[in-house]
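K.L.:
Sequence:
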Amino acid sequence: MKVGKPPLEVVERYVWSRTGSYDPSVLLGPSLGEDAAVIKTGGPYIAAHTDPISGSVELLGWLAVHVVSNDLATRGIRPRWLLPAIFLPPDSDEGVLDKITRQMDAAARELGASIVGGHTEVTTAVARPLVVMTAVGEGDRYVATGGAKPGDLVIMTKSAAMEAAAILASDFRDRLKALGIAEDVLERAAGFVRHVSVVRDALAIADLADAMHDPTEGGVLAGLAEMAYASGTTIRIDPGSVRVHREVALLCSAVGLDPLATLSSGALLAAIPRDRADEALRRLEGAGIEASIIGEVVPRERHLVVGGSVALDAPYLRDRFFELFG
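Note that our numbering numbers the sequence shown so that position 298 is 285, with each residue one more than the last.
Any given hint might turn out to be false.
Claimed, not checked - Calculated lysine-lysine pairs in the DSSO-like style (CA-CA distance at most 30 Å, straight line): (1) LYS136 with LYS(-8); (2) LYS27 with LYS136; (3) LYS86 with LYS(-8).
Derived from the structure by calculation, the hints contain no laboratory data.
Please construct the entire structure, taking both the sequences and the accompanying hints into account.
P.N.:
Quick look at the structure:
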């Protein structure tokens, strides 16, 4: 199989069809686009999710905490407990582990989350450091990716591909400098790592949203397609209204990536009833978070996402970012 997510039909055949015993307390289990499982056993709703970070070494610990926490936040639930599994290749020194755990500690403190367990191992099974993070949280209600309804407006926060730009500026700096990218551009792009969390974004508008989603691999376009697929709708967008910061555009262009189709942690996608959209924008603005309306949800058509030159008819988009690791 190719690098990246396996084809949908492969996941359906070998993964989602093999989920152990039935448990009625599982309200939201494995399915395309749903960012976290939701369980209810009599008390609050419990959200849980696991995510690997394989696309960065320099920002590994920071991204491991924030990327998995984003997936809980899109359920409208604050991440509370974290369990990392850290895998290091045999040529790693203590400094590698020190950097990873310092970043995880700082990110968890920023979110008010606790690291309550996990695993650390040096193994020949990996060629570069890898962290697989699990997050758990609880709340009084939850939002699903598949809740978007025709008539909803789609709001996006911040910029597409900030995550990709931050990793490029940190892990591929020398390559980008050789391609003519100025040092000040690289510094600003590296700083986007401070904005990859959507926890504040999502929790600010969770009670207004029909659906929320965190676009990661495949970027904003894949995230929209997943939301449309999960909700049985089509999403019409204006690609020109999708904010792409200048630094993002420069770095993506230099390495041949489409900013709308690559790693985009930090951008929240939310389907909001039309009569609540202005309130959602006001709340985000009040929290100091950039946001704009980029499209609308309509009844299912031929394609999942349409607009301008965009026409996606499958909820899957291969992210070329991972090809950069050769």
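K.L.:
Quick check: which numbered hints come out false for this structure?
P.N.:
none
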